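> All chains should be built: construct the whole structure from the sequences, respecting the hints.
As you go down the protein sequences, you meet chains A and B in turn.
Numbers given in the working numbering equal positions in the first sequence, counted from 1, plus 436.
Numbers given in the working numbering equal positions in the second sequence, counted from 1, plus 15.
Quick caveat, the hints were computed from the structure, so don't treat them as lab data.
Just so you know, these numbers come straight off a predicted model, no measurement behind them.
Mixed in with the good hints, there may be bad ones.
Computed list of chain A residues with no C-beta within reach of chain B, every gap over 10 Å [as the list claims (entries may be wrong)]:
1) 467
2) 532
3) 545
4) 629
5) 658
Label pairs and their in silico Cβ distance ranges [what the hints assert, rightly or not]:
6) 173/B <-> 657/A: 53 to 59 Å
7) 449/A <-> 143/B: 52 to 58 Å
8) 658/A <-> 140/B: 47 to 53 Å
9) 595/A <-> 103/B: 22 to 28 Å
10) 161/B <-> 625/A: 41 to 47 Å
From the three backbone atoms N, C-alpha and C, an ideal C-beta is built for every residue, glycine too.
Letter by letter, the chains look like this.
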Amino acid sequence: MGASLWPGNGRWRALGRVAPWLALLLGLLMVRLSKGAGFADAYALLSRPFWPGPAQREWVSSAASLEDQARLSLLEQDNQRLRDLLELQRNSGADSTVAAAVISRQPRGWWQQLELGKGSLNGISVADAVLGPGGLVGRVQSVTPTTARVRLLTAPGSEVGVWLPRSRRHGLLVGLGTHRPQLRFIDKDLDVRAGDLVSTSPASTLLPPNVPVGVIQSVDERAVPAPRAVVQLIAAPEAIDWVQVRID
Amino acid sequence: MARLHRQPGCVVTALLVPVLSLASPPWLGLDGVPPAWAVLWLLPWALVDGPVSGAVAGIALGLVLDGLSLGGVSQIPALLLLGWWWGRLGRRPPAIQRTLNLGLLAWIGSVTVGLSQLLQLLIQEGWSFDPWMRSWGLQTLLCQTLVTALLAPMLVSMQLLLWRKRGTS
Numbered sequence: 437m438g439a440s441l442w443p444g445n446g447r448w449r450a451l452g453r454v455a456p457w458l459a460l461l462l463g464l465l466m467v468r469l470s471k472g473a474g475f476a477d478a479y480a481l482l483s484r485p486f487w488p489g490p491a492q493r494e495w496v497s498s499a500a501s502l503e504d505q506a507r508l509s510l511l512e513q514d515n516q517r518l519r520d521l522l523e524l525q526r527n528s529g530a531d532s533t534v535a536a537a538v539i540s541r542q543p544r545g546w547w548q549q550l551e552l553g554k555g556s557l558n559g560i561s562v563a564d565a566v567l568g569p570g571g572l573v574g575r576v577q578s579v580t581p582t583t584a585r586v587r588l589l590t591a592p593g594s595e596v597g598v599w600l601p602r603s604r605r606h607g608l609l610v611g612l613g614t615h616r617p618q619l620r621f622i623d624k625d626l627d628v629r630a631g632d633l634v635s636t637s638p639a640s641t642l643l644p645p646n647v648p649v650g651v652i653q654s655v656d657e658r659a660v661p662a663p664r665a666v667v668q669l670i671a672a673p674e675a676i677d678w679v680q681v682r683i684d
Numbered sequence: 016m017a018r019l020h021r022q023p024g025c026v027v028t029a030l031l032v033p034v035l036s037l038a039s040p041p042w043l044g045l046d047g048v049p050p051a052w053a054v055l056w057l058l059p060w061a062l063v064d065g066p067v068s069g070a071v072a073g074i075a076l077g078l079v080l081d082g083l084s085l086g087g088v089s090q091i092p093a094l095l096l097l098g099w100w101w102g103r104l105g106r107r108p109p110a111i112q113r114t115l116n117l118g119l120l121a122w123i124g125s126v127t128v129g130l131s132q133l134l135q136l137l138i139q140e141g142w143s144f145d146p147w148m149r150s151w152g153l154q155t156l157l158c159q160t161l162v163t164a165l166l167a168p169m170l171v172s173m174q175l176l177l178w179r180k181r182g183t184s
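Here it is as structure tokens:
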């Protein structure tokens with residue numbers, strides 16, 4: 437009886453009932469703001485027994501040597517020209533790679549991303565380039581201590597500056613959700629044709645220079661305001677179990 | 016009346032949504048597009064537990080899934096709306112339990128989530144889609160709605176059965 441004389445008691449009891457749920461929502465908000473840090477790390481821990489085996493890793497290594505050969509020819513062509521550019525690649529020698537297993541893969545759908553089994557504890561940071569067998573597959577978009585999320589080149593909103601070694605032209609590789617990204621040019625007069633190799637720019641400071649990306653599949657020269665091309669990526673994200681992350 | 020949110024065993028099943036979204040088993044997708052796992056969990060939850068619980072669960076799932084994706088677009092508005100709407104439907108007799116009804120509700124839910132994401136992408140792109148992007152959006156929407164609606168009669172019926180039993184016991 438006495439307790440009912442206090443009008444605030446009911447309100448406090450209601451608040452006490454709601455408090456755990458508010459705490460839960462606050463926790464989930466933290467998950468959202470941290471880009472799923474706790475969840476991604478827990479998933480990496482739980483799924484560790486099912487990660488791809490070392491055989492796939494060796495396969496990636498052998499493919500990486502082929503990729504190095506392609507890069508070598510590109511580097512030889514550009515070497516002389518780059519000598520004139522003052523220290524644009526001064527950090528290229530200091531780059532190192534980290535091999536990481538793909539623990540979650542969403543190559544299609546609304547978000548096109550990979551979740552890697554290594555994160556900031558292994559030196560991976562945001563915007564690092566991610567290479568599959570044959571070439572670039574994307575860039576690191578967010579990291580947790582033990583995982584890293586990669587935005588694929590095919591993902592809507594992905595934009596990467598690329599270079600066409602044969603015609604010596606720059607272009608912008610734009611992800612449209614489809615498995616073949618679009619290459620947009622600035623110039624109207626282009627000497628670009630199907631079969632041309634697309635690589636990262638030799639003068640790139642954001643991405644490792646001279647990394648193969650894909651091959652031009654078709655060119656739409658009548659596109660407005662400038663020609664556009666469809667690019668077939670060399671490294672298909674659907675089939676990749678291991679990747680190499682180029683860390684600075 | 017059933018109170019699922021007071022039973023930790025039922026609340027914990029929500030963890031399956033982010034786990035399945037991350038695992039993304041390829042044999043449970045259509046042309047590489049996974050089903051809308053959030054819709055498949057939220058539908059029976061809201062039907063059993065009511066509109067407020069459904070809306071809160073929608074927000075909670077949306078927060079986690081937005082955190083686990085690349086970002087740019089959010090699932091929270093659509094899941095909040097669906098949780099509320101399905102909760103209200105669940106309060107009206109007769110109880111929804113036929114497989115066709117569940118499949119249809121899941122299809123509507125998947126379409127709502129997909130269209131809300133497409134709309135957000137469209138706004139981001141300045142109200143004009145590249146034709147390639149438009150075809151990708153429609154194909155993803157079609158695949159996801161189809162596979163979600165096909166899985167719903169099996170999965171949602173099972174969850175409804177279990178949760179209604181737990182709610183009345």
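> So, for every hint listed, does it hold in this structure?
How the hints compare with the structure:
1. 467: Violated, because the least Cβ-Cβ distance between residue 467/A and chain B comes to about 5 Å, which does not exceed 10 Å.
2. 532: holds, 26 Å
3. 545: The claim breaks: residue 545/A does not keep its Cβ more than 10 Å from every Cβ of chain B (closest is about 5 Å).
4. 629: Given that every Cβ of chain B is farther than 10 Å from that of residue 629/A, nearest at about 20 Å, it holds.
5. 658: holds, 14 Å
6. 173/B <-> 657/A: 53 to 59 Å: Since the Cβ atoms of residue 173/B and residue 657/A sit about 55 Å apart, the hinted range of 53 to 59 Å holds.
7. 449/A <-> 143/B: 52 to 58 Å: This hint holds: roughly 54 Å between Cβ atoms.
8. 658/A <-> 140/B: 47 to 53 Å: The hint (47 to 53 Å, Cβ to Cβ) is violated, given that residue 658/A and residue 140/B are roughly 22 Å apart.
9. 595/A <-> 103/B: 22 to 28 Å: violated, 43 Å
10. 161/B <-> 625/A: 41 to 47 Å: holds, 45 Å
In terms of the numbered hints stated before, the structure departs from hints 1, 3, 8, 9, listed from lowest to highest.
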